[in-house]
Amino acid sequence: MNAVVLAFGEGVVVAKRNLRMILRVPEMLLNAAIAPAMMTLLFGFIVGGAIDAQGVPYREYLLGGIFVQAVLFGAVNTGTAIAADLRNGIVDRLMSMPISRSAVLVGRTTSDLVNSGVVITVTALLGLVVGWRSRTSVPEAALGFLILLAFAYALSWLMAVVGLASRAPEAVSSTGFTIAIPLGFLSNAYVPIDSMPGVLQPVAEWNPVSAIVQAVRVQFGNVDPSTAPDVWPLQHPVAASGLWIGALLALSIPLAIAQFRRSAGR
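Just so we're aligned: the sequence shown equals residues 1 to 266 in the UniProt record's numbering.
Since the hints were derived computationally from the structure, they do not count as laboratory data. A few of these clues could be false.
Computed spacing ranges between beta-carbons, pair by pair [unchecked claim]: (1) Gln201 with Met97: 43 to 53 Å; (2) Gln201 with Ala258: 22 to 32 Å; (3) Val56 with Pro254: 22 to 32 Å; (4) Ile90 with Pro197: 22 to 32 Å; (5) Gly117 with Thr178: 20 to 30 Å; (6) Phe177 with Arg87: 15 to 25 Å; (7) Ser174 with Met38: 16 to 26 Å; (8) Met97 with Gly131: 24 to 34 Å; (9) Arg24 with Arg133: 16 to 26 Å; (10) Pro225 with Arg262: 44 to 54 Å; (11) Glu170 with Leu255: 40 to 50 Å; (12) Ser96 with Met38: 36 to 46 Å; (13) Ser174 with Gly9: 44 to 54 Å; (14) Leu125 with Asp224: 36 to 46 Å.
Built from N, CA and C at the ideal position, the CB exists for glycine as well.
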């Protein structure tokens, strides 16, 4: 137990170092916020009028998907940052200090969780400007934001595995977006699943992103739950989101730590 507490404390120190770097180069965070802003404006104002959002204003329906897409894109930064730290020798310098190996990963994922919180906040503020509103109570809306942050944290650990395996920031970025873009578009993030071709509907229904998006929309009151497809993850999206997030963490954290030990020893 003491080792876990010590590793967490050391991870917080590393996280502060990462956050100070972002403050010195704020363009890193700005770039992460630009993509969801552009998607909100593109879909909300240009193509939104042509989409049936199942009885709710499309801009309100859209924001749930934009939140999750922002988290997907933001997680790619974890992998690229770890790969850059490995290539530039920063990890070697950190490992020369009397800190645990897991502290480097805890620090990176914690600082990126803070970044995700900032991006989600900026996206929410932009959503308010274009007409998005939460129609539920404060605790329900808070749970929606908590689901987003938990998903962001789990994805950060997954992308840490990718970054450690590749060690080339450019390759990690390419791989990350190759994963994130199909996951986002083959889901209910932008259009209802029943509007998709029949062969794609089962894929979208069981896509973990669809469960997260549906959970967020339900918690914000931006969708009628009765219109969800008759599959368990979308009928019980909050529970499904918890299972997906838990499974992702259970898989990614041990893999990331094992891969880090191999990478740091090269």
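To see whether the hints hold, each was checked on the structure:
1. Gln201 with Met97: 43 to 53 Å: holds, 52 Å
2. Gln201 with Ala258: 22 to 32 Å: Violated - the Cβ-Cβ distance for Gln201 and Ala258, about 37 Å, lies outside 22 to 32 Å.
3. Val56 with Pro254: 22 to 32 Å: Hint violated: Cβ distance 41 Å, outside 22 to 32 Å.
4. Ile90 with Pro197: 22 to 32 Å: Taking Cβ atoms as reference, Ile90 and Pro197 lie about 46 Å apart, which means the hint is violated.
5. Gly117 with Thr178: 20 to 30 Å: Taking Cβ atoms as reference, Gly117 and Thr178 lie about 26 Å apart, which means the hint holds.
6. Phe177 with Arg87: 15 to 25 Å: For Arg87 against Phe177, whose Cβ atoms are near 19 Å apart, the range 15 to 25 Å holds.
7. Ser174 with Met38: 16 to 26 Å: Holds: the Cβ-Cβ distance is about 20 Å, inside 16 to 26 Å.
8. Met97 with Gly131: 24 to 34 Å: violated, 50 Å
9. Arg24 with Arg133: 16 to 26 Å: Given about 36 Å between the Cβ atoms, the range is violated.
10. Pro225 with Arg262: 44 to 54 Å: At roughly 45 Å between Cβ atoms, Arg262 and Pro225 fall inside 44 to 54 Å, so the hint holds.
11. Glu170 with Leu255: 40 to 50 Å: violated, 22 Å
12. Ser96 with Met38: 36 to 46 Å: holds, 42 Å
13. Ser174 with Gly9: 44 to 54 Å: violated, 35 Å
14. Leu125 with Asp224: 36 to 46 Å: violated, 26 Å
Violated hints, listed in ascending order, are 2, 3, 4, 8, 9, 11, 13, 14; each of the other numbered hints is respected by the structure.
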